Amino acid sequence: MLETRALTKSFGAIHVTKGVNLKLEKGERRVILGPNGAGKTTLFNQLVGEITPNSGSIYLDGQDITAMRVADRARLGLSRSYQKNTLFDGLTIRENLGLSAAVALGRGQGLWSDPLQSPEVVETVREVAAQVDLAPYLDASVNAVSYGIRRQLEVGIALATRPKVILMDEPTSGVGPEMSKGFHRLLKALPRDLTVLIIEHDMDLAFDVADTITVLNYGEVVFDGLPEAARSSQLLKDIYLGAWEDA
Amino acid sequence: MFRHTPLRLTTLGLMAAGSLIYAIIAGFFGLEILAEIAILAILVIALDLVAGFGGMVSLCHGALMGVGAYAFTVAANEAGMTALPAMVLAIALSAAIAFAIGAVCARSIGIYFIMATLAFGQMGYSFVFQSSLFGGDDGLSGAPRLDLSALGIDLTDSRTFAFYAIALVALAYLVAALTLRSGLGRSLVGLHHNEKRLRALGLTVWRAKATAFAISGAIAGLAGCLAAQHTQYISPGLMSWTVSGEALVVVILGGLGTLVGPILGAILFVVLKHEISSITPYWHAIVGLILIAVVMSRANGVFGFIEARIAARTRTRKPTLKEADADA
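Residue numbers (our numbering), protein chains in the order written: chain G, 1 to 247; chain C, 248 to 575.
There may be inaccurate statements among the hints.
Using C-beta positions, here's what the derived DEER-type ranges look like [what the hints assert, rightly or not]: (1) C/A558 <-> G/D64: 45 to 55 Å; (2) G/D64 <-> C/L425: 32 to 42 Å; (3) C/I356 <-> G/A140: 21 to 31 Å; (4) G/M203 <-> C/T257: 55 to 65 Å; (5) G/K181 <-> C/L261: 51 to 61 Å; (6) C/A559 <-> G/A140: 11 to 21 Å; (7) C/A366 <-> G/S57: 37 to 47 Å; (8) G/G90 <-> C/L536: 28 to 38 Å; (9) G/E123 <-> C/A366: 43 to 53 Å; (10) C/A343 <-> G/E50: 27 to 37 Å; (11) G/P119 <-> C/F275: 48 to 58 Å; (12) C/A559 <-> G/E123: 28 to 38 Å; (13) C/A532 <-> G/R126: 49 to 59 Å.
In case anyone wonders, no lab produced these hints; they're calculated from the structure. On a predicted model such as this, the values are computed, not experimentally measured, just so you know. For every residue, glycine included, the Cβ atom is placed at its ideal position computed from N, Cα and C.
Just chain C, same shape as in the assembly (with noise of 0.2 Å):
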């Protein structure tokens, strides 16, 4: 089951405070790097919720990013919405297309689960790309900013959008570590460790998945929002099942099922992407030694790995404590 470790909360308050700090003395470039970050972030809170903790390994969170990413644009630009109501709309509707996909992918476990969220994934890249509403090949561009003016925020700055986005993986992480301790949250945890038995306890183990894969939709779209935000251009790029890949490739860098994990693998996977491509074009490839080296090493992840020195840590510390106590 989730719990907020001491460990857990402590790494979720240096990441705010860092992040923070950095938002603060970043230049524009940092700051590009930041959003970045965020926007992973959030899509990685979005897969760990599902994969991590329900054991539903999703191809398709890149394109339920950008059902999110694309409902906003064309909300703002087409119908004439405002921001807010747009972002409100392009989750909802991300939830609801989650929430379709996972009541279909239901039936289906391990490998039948991630090929059908990966037709679906396609499917929704393909209809991008072919759809002239949304801008076939070429994308779309010219995506607004939320526009907080009348609270004295202009989100137009590198510096105050920086914030923003740190913002929202709060928001983000605060939605999926409440759903985590809401009886779907637990029963979610329960359908990973024993779905036939949760069934025989009276559980709808359908409505269950699609409940939690929806939530998890909803976390997505705030990141295509976020992501169309920030560049202010979407393309179908952003629904490719390589970004699906990516985004599960650093839930697994960071620690699958920790929640706190994933942000981490995010942080050191956008770090690394651009400090090794600065070097080598071939980052990729590098990048991909570091996943086979964490994969190897039998740690969930890096924040697996502190996870489980800590722990044994502790464990050799005690005896000695008790033998202290014995002697004293």
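Next comes chain G alone, as it looks inside the complex (with noise of 0.2 Å):
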């Protein structure tokens, strides 16, 4: 579903992905972990077309994106959510969740007809809050709402596309312990042919909702296999215990 292939991307003489080979197969949930200045968003960004690589390819579906622009690859099904929230503010959650399915639909331009008014976005609108738990904030401005709830916009925006594959980069990011598991219930919720990429720090929900693990340190694929493998691997212990430079 979602392949590359020696995707290669440097700032300078930084390094911040090198040579990165991954392969999801269709319904594929892969959890990316790696220290801060890993290269994992560096990735995403990459794979979304907001950072052109310097050499390497992706493959969506069997067609090469590469070269593609970030609108045509969403267009393709492949939709993000972003570290930082990256919300439309100011708008309601209603309308933030109805603007991302009318865009998806394609009527992100139509002059005719209010897309937030057509039975299809209402109908995105209103599974995608049960889906992320945003069905009492619907008409609360996001202005309005908590921290904690605009994560979970955050992912019912990328949702509300219908994408075939979905990149989250640490949706749990900064949300407390309840809110946490509230993701955990959302990510196993998550439709089984729906791809999903998540970079994620949580490591009980990283190993509990992960069919695979990719582990990169210093923008490299350092480990690629099974959840099991990666909780008895050495290797990432000593990543995440900073033991990796002295190796």
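Join the two chains into one complex using the hints; note that each chain is given alone, in its own frame.
Here it is as structure tokens:
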């Protein structure tokens, strides 16, 4: 479903991703682990087209999308949520989800009707709001809700596009344990045909939802395998304990 | 997102009723002021559509109005077209040029967008100023008024022309309001709040911005056609950046991003201009002081101030009602 081949990106002398090879099957849930600065978000930015790689290629559903623009990749079914909330502040939660659904349905530039009133968009908003536990807050302004609800909306906007592949960049970043459990439930309840790639630091969540785990360190894939193997990996422990540099 | 609140609808209704009543009772000078307000109101509706809702603050809307005025006059006088097809052509040309400007400027934001639109506007102004086809700095005269004699309407009559001008304001408002309620309008507001996210959701940002700019340009072109028909004389001054600047002042004075506020702003601006200029030639300074007061008040223009006051009163009233219910 989503594949990278030797994906490499440098900023000057700093290699942010080095020859990254990933292959996600349809419906796979893969968690990317790695310490800060490992190149996880930069990898996401390359996958969605916000950063152009120096070399290597990206395939979505067998199609080479390496040179494709951000919006074109999104229209093919690639969606993402951001580590830092990237919402439509000032609009309501309903409008945020509705706008996302309308654009994904190709109604973002129509002139003859209000897409937010269309049955498809209304239905999508209702379903996604239920998925991310936002139904009680639909008419609240984004500016007026808590950080945790904004995190839920961040994921909701990505889901409202009805993607084939969703990339989630630290969805539980900054939320409390209760809300983290909510995300846990949300991830477990996602449709099985949806391919999910998650950057996550919450190990409990990562090991519970992941079919496979990839570990990045200094831009390189240093582990790629099943959660059980990752859990017992000395290499992974060393990386998270900071021993990798000494190894 | 754009919505018609009861206050906005009431304000629209009051402005429409007031202008219609004034068009019935006013003398010649009053009718001229009314037409002047209508031209400015259409221009600021066009500007508020892109600046207030899309965050695209333009300093070329005066030039786009000028494109409409010149295209209408040249099509009617030189190409021998009757007024209605000349108007359609002028509006379409304004929209096409605005689309091109929007497409080029779409990649820039903030001050860079403003400067890019200023450059386009000044290019248009300089071109018209130098061109003999457009009469150079002498301008062009003899623009015809729309011929509605088949409907028994005589637009050479000042009073009838004032009603016609009010009808065009209503048309411009309707186009802007429908645009804002469309998919494009929803995306335009989204772009103002978060362009990056909309792109990541699959929107072709430059096309959305350019299309919105084209619709705004068409409305500005309509203002130009009305201006040409009103005075039946046009000059390059119509395309000067100061016209765009004045329109921006009116939008801010009325209430940016409210669509209703800028129309109120146009009424206030023209009335203040005429009233204060009859007292002192330094009326610009006094209007400037009023604008500074409005900006410093941190309200969103006069209409924004009214909206905020009414919202605050509603908020303070609600608990009292709840308490009353509880007591009951």
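Results of checking the hints against the structure:
1. C/A558 <-> G/D64: 45 to 55 Å: At roughly 53 Å between Cβ atoms, G/D64 and C/A558 fall inside 45 to 55 Å, so the hint holds.
2. G/D64 <-> C/L425: 32 to 42 Å: At 41 Å between Cβs, range holds.
3. C/I356 <-> G/A140: 21 to 31 Å: Between C/I356 and G/A140, where Cβ atoms are some 28 Å apart, the hint holds.
4. G/M203 <-> C/T257: 55 to 65 Å: 58 Å Cβ-Cβ, so the 55 to 65 Å window holds.
5. G/K181 <-> C/L261: 51 to 61 Å: About 54 Å separates the Cβ atoms of G/K181 and C/L261, which means 51 to 61 Å holds.
6. C/A559 <-> G/A140: 11 to 21 Å: holds, 19 Å
7. C/A366 <-> G/S57: 37 to 47 Å: Between C/A366 and G/S57, where Cβ atoms are some 40 Å apart, the hint holds.
8. G/G90 <-> C/L536: 28 to 38 Å: Hint holds: Cβ distance 30 Å, inside 28 to 38 Å.
9. G/E123 <-> C/A366: 43 to 53 Å: holds, 46 Å
10. C/A343 <-> G/E50: 27 to 37 Å: Holds, since C/A343 and G/E50 (Cβ atoms, about 32 Å apart) stay within the stated range.
11. G/P119 <-> C/F275: 48 to 58 Å: Given range 48 to 58 Å: holds, Cβ gap about 54 Å.
12. C/A559 <-> G/E123: 28 to 38 Å: holds, 37 Å
13. C/A532 <-> G/R126: 49 to 59 Å: holds, 56 Å
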